[in-house]
Amino acid sequence: MKDYYKILGVEKSASEEEIKKAFRKLAHVYHPDKSGGDEAKFKEASEAYAVLSDKKKRAQYDAFGEGGFSAQGGSAYGGQGGFDPSGFGFDFSNFSNTGFDAGDLSDILSSIFGGRRVRRGRDIAVDIELSFQESIFGADRKVVVNSKFVKQKEVSINIPPGIDDGQMVRLTGQGETLEGGVPGDLYVKVHVRKHPYLRKEGYNLIMDLEVKLSEALLGSEKLVHTLDGEITLKVSAGTKHGSILRVKGKGVPTATNKRGDLYIRISVQIPDKLSKEAKKIIEELKKEGL
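Residue 3 is where the sequence shown starts when you use the working numbering, and the numbers rise one by one after that.
These are calculated hints, taken from the structure and not from any lab test.
All figures in this text were calculated on a predicted structure; none of them were measured in a lab.
Check the hints yourself; a few may be wrong.
Only pairs whose alpha carbons sit at most 25 Å apart, straight line, appear in this in silico SDA-like list of lysine to any residue [what the hints assert, rightly or not]:
1. K153 with D210
2. K250 with D210
3. K144 with G175
4. K236 with A257
5. K43 with D210
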């Protein structure tokens with residue numbers, strides 16, 4: 003399990019300056035252009051610094067806690083089901099703010115190399131389309147990166163459960179690579195196809211279910227198609243139009259391996275036309291005060 007504080011060798015209460023100082027020290031040791039450098043450890047330290055040097059990302063990291071993070075670098079969710087913020091830009095509403103301050107990083111690295119400014123590769127953006135079900139449960143995808151900055155290559159990405167249409171996943175160091183420089187990042191913008199009857203609200207799923215008037219009055223059992231398969235839903239006698247029934251644990255997976263709920267809104271169908279026999283029955287019900 004990744005612990006960014008341990009990676010940088012600082013306490014959880016460390017100040018911004020202490021975090022920056024710790025990263026500077028590790029970058030000096032591990033930068034691949036240095037004698038005896040270690041590219042994997044340098045990327046890991048850079049990833050930790052990218053999160054802990056940003057107040058918003060650090061707060062979200064602290065909120066999830068150590069146990070909610072996986073040691074899968076470069077993807078939003080690790081292979082063990084944990085949440086890895088290095089894959090996320092966190093602030094999906096603002097593309098330009100999804101990475102950490104490249105200028106700040108360059109300043110740190112330039113001090114390591116005797117004042118020489120260390121360049122950072124360009125970030126690259128690609129788009130992928132997911133089915134509604136893939137967006138809820140997550141999916142493994144491969145994207146082809148092909149631009150004037152990068153030779154064509156295939157990159158694996160682990161899409162996290164519950165991702166929304168328009169959100170971005172960041173893969174650290176998968177963008178343009180510069181010799182002797184810091185690689186850019188790859189941003190994957192997600193487009194989610196609409197479901198015919200389900201919609202997502204937070205960790206819950208919402209749907210409408212039509213029932214006949216007689217079923218609402220007398221009660222019935224209805225087959226409901228969920229993302230987990232068919233279930234039998236009991237509609238109690240006297241169920242009113244607009245009533246909402248809850249099915250626990252059939253919603254969106256959360257970061258703590260729990261799931262939200264499925265909420266089903268009952269829509270009572272009123273027939274447009276009645277047969278003579280049906281009218282007589284309704285008249286009798288009317289006499290009964292119904």
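We went through each hint and held it up to the structure:
The suggested pairing of K153 with D210 is violated, with an alpha-carbon distance near 48 Å, which exceeds 25 Å. Restraint check for K250 and D210: satisfied, since their Cα atoms lie roughly 16 Å apart, inside the 25 Å limit. With a C-alpha separation of about 16 Å, the suggested pairing of K144 with G175 holds against the 25 Å cut-off. The hinted pair formed by K236 and A257 fails the criterion: a straight-line CA distance of about 30 Å is larger than 25 Å.
Annotation: proposed proximity of K43 to D210 is violated, straight-line Cα distance about 51 Å (limit 25 Å).
Hint violations for this structure: numbers 1, 4, 5, all remaining hints satisfied.
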